[in-house]
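Residue numbers (my numbering), protein chains in the order written: chain A, 1 to 160; chain B, 161 to 337.
There could be a bad hint or two in this list.
Every beta carbon over 12 Å from chain A, so not counted as near; a handful from chain B, in silico [as the list claims (entries may be wrong)]:
#, residue
1, Ser-163
2, Lys-188
3, Met-233
4, Leu-234
5, Arg-236
6, Met-271
7, Ala-323
Simulated DEER-style distance windows between Cβ atoms [claimed, not checked]:
#, chain 1, residue 1, chain 2, residue 2, range
8, B, Gln-328, A, Ile-141, 51 to 59 Å
9, B, Glu-267, A, Pro-93, 52 to 60 Å
10, A, Val-142, B, Thr-237, 35 to 43 Å
11, A, Arg-135, B, Asp-219, 28 to 36 Å
12, A, Arg-135, B, Ala-305, 25 to 33 Å
13, A, Glu-29, B, Gly-214, 22 to 30 Å
14, A, Asp-36, B, Ala-335, 38 to 46 Å
15, B, Asn-212, A, Asp-106, 38 to 46 Å
16, A, Glu-5, B, Ala-305, 29 to 37 Å
17, B, Tyr-207, A, Leu-98, 27 to 35 Å
18, A, Glu-24, B, Phe-229, 22 to 30 Å
19, A, Arg-23, B, Ala-335, 34 to 42 Å
20, A, Glu-11, B, Phe-229, 37 to 45 Å
21, A, Glu-94, B, Leu-270, 17 to 25 Å
If the Cβ cut is set under 10 Å, some of the chain A residues that face chain B in the computed set are [unchecked claim]:
#, residue
22, Asn-6
23, Val-20
24, Thr-30
25, Glu-147
26, Pro-148
27, Glu-150
Simulated from the structure, these hints should not be mistaken for lab results. We treat Cβ as the ideally placed atom computed from N, Cα and C, and that holds for glycine.
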Amino acid sequence: MRVPENHADMEDALRRLMPVALRETMRVETEDLLDDLAGEARVSGFAFKKGIVWLGAGGIAAAFGIASLFVFKGGVDASVAGKNPAAALELPPELVFLTGTDRVEDVKDDGMFVDSGGSAVRKVRIRVVEESRIRDEETGIVVQVTEPREEMYLVPVSTF
Amino acid sequence: MRSLSKVWKQWLAENGPRLLLFARSWGKTREDAEDLVQESVLKMWHYQQAENRGGGPPDLPLVFSTIRFAGLMLHRTDKRRKKREEAILYLNDFQDVWLDPVMEEDEEALMLRDAVQSLSDKLREVVVMKIWGDLTFAQISETLAISPNTAASRYRYALEQLAHSMKQVKEERHAGA
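Turn these sequences into a full structure, and let the hints steer you where they fit.
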């Protein structure tokens, strides 16, 4: 047996020893953890982007909302409508948009009033719950994103 | 995001063994050490997701610090538990080694491995970070919150201790032969 003579020899001898490799179970567990973490980040990133998309698609959403108004005229009701496909177009390539709905959860009539131009309008508040299902192609995980929002519409009144 | 996950896995494959080796100083068992590494990876992930950090794997000194902190917390919990269970004896599993002797299956390597394991925690952590973590004394000093001079002197003292341990074993074997 040779004892290293000086610090340099000792360092060389130490470097020849290798840290024990990770056990397979630990490696797999930690990689799964990283996949899960990456999955969470994907969902939050998507939600952020989706918010921007919906800002841009406000006109389409408004049209949908007003159309819903006529359907639910006179009372509180709920319905399911077709999803705006614009949201799906903005997804990163590894995420696949599966289905989406905009559900009108509540319609509240805030009454009539006269706007600054002297026209009679009805103020209607709509609570919409948007639900999207997205699949992560890498992990196969399907995530459901639920996003409530409230919209206000001023509907011109021409007949009494 | 897919590439981010891959980058972290690659980083784990490259650095996992050295992180585990460092964590062994803080965990009584290999399982404890593995938990410490996983806990630190989780913390580091969230830390790196902050806007200005880019989301990629962290620098090693930061991970060593995180493992050390998690180890201190585990040690505190462990001490409280030990007070309750005074009869427990911790024995090293014969197969449960910190450094792999397969790469250097000779008497010197095996003895050196045992000598490293028997170093005090303070000395061993400096050796692990310097030899297997490739950290500078400045980085080690930041990780351990000590001065670079203290880090360097602990390192030199550790090397002397290792040489002394090996000489002692050699002399004992001579005397017994």
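Of the hints stated earlier, which fail here?
-> Numbers 1, 6, 7, 12, 14, 20, 21, 25, 26 and 27 - these are the hints that the structure violates, sorted from lowest upward.
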